[in-house]
Amino acid sequence: MKLLIPISKSIFYTFNSIVKVVVNVLITTSLLLPIFSQSVQAQGVTAGTVISNTVTVSYYLGPVTGTPETFETTNTFVVAEIINATLTSLDLNDVVVPTPSIDRVLSWDLTNTGNGTESFNLTTVDTLTGDDFNPEVQSIWLETNGIAGLQSTDTLYQPANPVQLANDASQRIYVRSNIPANLSITELGNVQLIATSTTAGITSSSIGDVLTGVGDVNTNVVVLVQNGRVDNTSSFRISNVALELNKTISSVVDPFSGTDVMSQSLITYQIDVHATGDANGTLENLVIEDSTPANMQFVAGSITLNGVALSDVADADKADFGITSANTATINLGDIVPPSHQIITITYRVN
Amino acid sequence: MLKAMYKKTIRRNLNNALKSTLKVAAMGLLLLSTNNALAKSEHIKTSSTVEKVITVKNEQGQPVKKLIPAIKVLPGEVVQYTNLFENIGNENVDNIGVTYPIPEHTVYVPNTATGKNFSITYSVDGGKHWGAPASLKVKGKDGKTHPATPADYTHIRWGYKASLKPTEIKRVSYQVRLL
Numbered sequence: 001m002k003l004l005i006p007i008s009k010s011i012f013y014t015f016n017s018i019v020k021v022v023v024n025v026l027i028t029t030s031l032l033l034p035i036f037s038q039s040v041q042a043q044g045v046t047a048g049t050v051i052s053n054t055v056t057v058s059y060y061l062g063p064v065t066g067t068p069e070t071f072e073t074t075n076t077f078v079v080a081e082i083i084n085a086t087l088t089s090l091d092l093n094d095v096v097v098p099t100p101s102i103d104r105v106l107s108w109d110l111t112n113t114g115n116g117t118e119s120f121n122l123t124t125v126d127t128l129t130g131d132d133f134n135p136e137v138q139s140i141w142l143e144t145n146g147i148a149g150l151q152s153t154d155t156l157y158q159p160a161n162p163v164q165l166a167n168d169a170s171q172r173i174y175v176r177s178n179i180p181a182n183l184s185i186t187e188l189g190n191v192q193l194i195a196t197s198t199t200a201g202i203t204s205s206s207i208g209d210v211l212t213g214v215g216d217v218n219t220n221v222v223v224l225v226q227n228g229r230v231d232n233t234s235s236f237r238i239s240n241v242a243l244e245l246n247k248t249i250s251s252v253v254d255p256f257s258g259t260d261v262m263s264q265s266l267i268t269y270q271i272d273v274h275a276t277g278d279a280n281g282t283l284e285n286l287v288i289e290d291s292t293p294a295n296m297q298f299v300a301g302s303i304t305l306n307g308v309a310l311s312d313v314a315d316a317d318k319a320d321f322g323i324t325s326a327n328t329a330t331i332n333l334g335d336i337v338p339p340s341h342q343i344i345t346i347t348y349r350v351n
Numbered sequence: 352m353l354k355a356m357y358k359k360t361i362r363r364n365l366n367n368a369l370k371s372t373l374k375v376a377a378m379g380l381l382l383l384s385t386n387n388a389l390a391k392s393e394h395i396k397t398s399s400t401v402e403k404v405i406t407v408k409n410e411q412g413q414p415v416k417k418l419i420p421a422i423k424v425l426p427g428e429v430v431q432y433t434n435l436f437e438n439i440g441n442e443n444v445d446n447i448g449v450t451y452p453i454p455e456h457t458v459y460v461p462n463t464a465t466g467k468n469f470s471i472t473y474s475v476d477g478g479k480h481w482g483a484p485a486s487l488k489v490k491g492k493d494g495k496t497h498p499a500t501p502a503d504y505t506h507i508r509w510g511y512k513a514s515l516k517p518t519e520i521k522r523v524s525y526q527v528r529l530l
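Chains as they are written, first to last, in this note's numbering: chain H, 1 to 351; chain E, 352 to 530.
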């Protein structure tokens, strides 16, 4: 999930130097969770299982000698089906979005916590009251390609194909929405996802009701979730978080202690990283990459962050040269909460 | 007098069995369920019943156990197996043993095996060896031997301590929890 970041670059010198910003995940999300949540526990014996029990009665007539007389009889009963499910949002905080924007994603896990195989219809509501604006839901997607997050190779949910889940199984669901224009910072827009069992008669049932003969293997169904329906609501919040980068040449030192640019001159670039906007949005995993300009060489040990020297090797100081990317200085700033101003300097020698 | 009472008991139980069967049929669950099973030899007739154990409040508001037909049994719920046996011959029957397994997908509910004038023993190895609860041992995953718990039981056996006289009826029961 990426936001477009307004970047203003000011390059005041003749050497063309390119700074690259890699913002892996710009806003607070929980998409890095494992794709399929582990089922917490078995939900019991599967619906339709026949529990059979054979009693043996033995006896003697008179003295106990030889083999006793025996006979058997068998009881059976069939395990009924429980219909139960949970729908859990994966967005632990409001999802921060700009106004306007498109294809913003909310994520849920639907888990069948009953003891039979069950199918669920999915619907959404984006016109809830009690929030500030209505997101515009575009589509519902199912995680099917094994790669965390929504990609075009996941599966678009079609109402004709309900989500079928074995007992204990989970399905990750993505809902894509567009965000209208001209909204104010911190305004909230809610989207509700609803999953409803497709079992006949369940939508008018109450918790504890028994539906006769409509469960797996024609078992009776006991409803443990009102109307066979689970829902969960998540929120978008409007934010104006933005990242601004300025790259300038802060000093030139020539071999003769002057300030001319010539062979062997040392050019020090300063990269100013400004995160602006409301403090509700977090810039996550912010990585700055600065590739060595043409006709220049990196000066070993020259990377600084806010005046502190960082080593060139891959270690805890989160900067390296040539290791994360060839011939490139990489500075990993981690999570940044606005407002924030970070200053990076890097020195190169002219060939 | 005593005989009359026993006869009444079995008639009532048979009536109950019939009622349960009718209820099962009425609810459309003809499929595979045999909540009540009857069998007899020349000398002994038995009725084996499985019922669901539920807790209801009595008139004083106290919780009491009640048995209802095992029509909708869900994971975690408890069922009771009851065996009634009657001497239908005209001579005494000796050393009567009643053996029930703990069915697959269920676990024994501790202290629920009952039977008046019976010796009750348990097995943790599919019925090869029998003993009182304290004498039973199982091998754990660590390869060591541990005292058995009720969850380890595979079978329960009731041995009637006396001779069963003609027309006499005896009863044993136990409960398991559906996993």
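Among the hints, erroneous ones may be present.
Quick list of in silico lysine to any residue cross-link-like pairs, SDA-like style, CA-CA up to 20 Å [as the list claims (entries may be wrong)]:
id, chain 1, residue 1, chain 2, residue 2
1, E, Lys512, H, Ser58
2, E, Lys396, H, Asp209
3, E, Lys516, H, Gly62
4, E, Lys396, E, Ala483
5, E, Lys512, H, Thr65
6, E, Lys403, H, Asp209
7, E, Lys396, E, Val407
8, E, Lys512, E, Gly477
9, E, Lys396, H, Thr73
10, E, Lys479, H, Gly62
11, E, Lys403, H, Gly208
Chain H regions said to be covered by chain E (calculated; three or more residues, Cβ under 8 Å) [to be verified]:
id, region
12, 47 to 55
13, 58 to 66
14, 71 to 82
Source of the hints: derived by calculation from the structure; they are not laboratory data. In this text, a Cβ means the ideal position worked out from N, Cα and C, and glycines have one as well.
Against the structure, the hints come out as follows:
1. E:Lys512 / H:Ser58: Since the Cα atoms of Lys512 (chain E) and Ser58 (chain H) sit roughly 13 Å apart, the hinted pair holds (cutoff 20 Å).
2. E:Lys396 / H:Asp209: violated, 38 Å
3. E:Lys516 / H:Gly62: holds, 12 Å
4. E:Lys396 / E:Ala483: Violated. Lys396 (chain E) to Ala483 (chain E) sits at ~28 Å, over the 20 Å cutoff.
5. E:Lys512 / H:Thr65: Answer holds: Lys512 (chain E) to Thr65 (chain H) is near 17 Å, not above 20 Å.
6. E:Lys403 / H:Asp209: Holds - the C-alpha atoms of Asp209 (chain H) and Lys403 (chain E) are around 17 Å apart, at most 20 Å.
7. E:Lys396 / E:Val407: With a Cα-Cα distance of about 32 Å, the restraint between Lys396 (chain E) and Val407 (chain E) is violated, given a limit of 20 Å.
8. E:Lys512 / E:Gly477: violated, 23 Å
9. E:Lys396 / H:Thr73: holds, 11 Å
10. E:Lys479 / H:Gly62: violated, 25 Å
11. E:Lys403 / H:Gly208: holds, 16 Å
12. 47 to 55: It holds, with 7 qualifying residues against the three required.
13. 58 to 66: With 7 residues in contact (Cβ-Cβ under 8 Å with chain E), the coverage given for the region 58 to 66 of chain H holds.
14. 71 to 82: holds (count 11)
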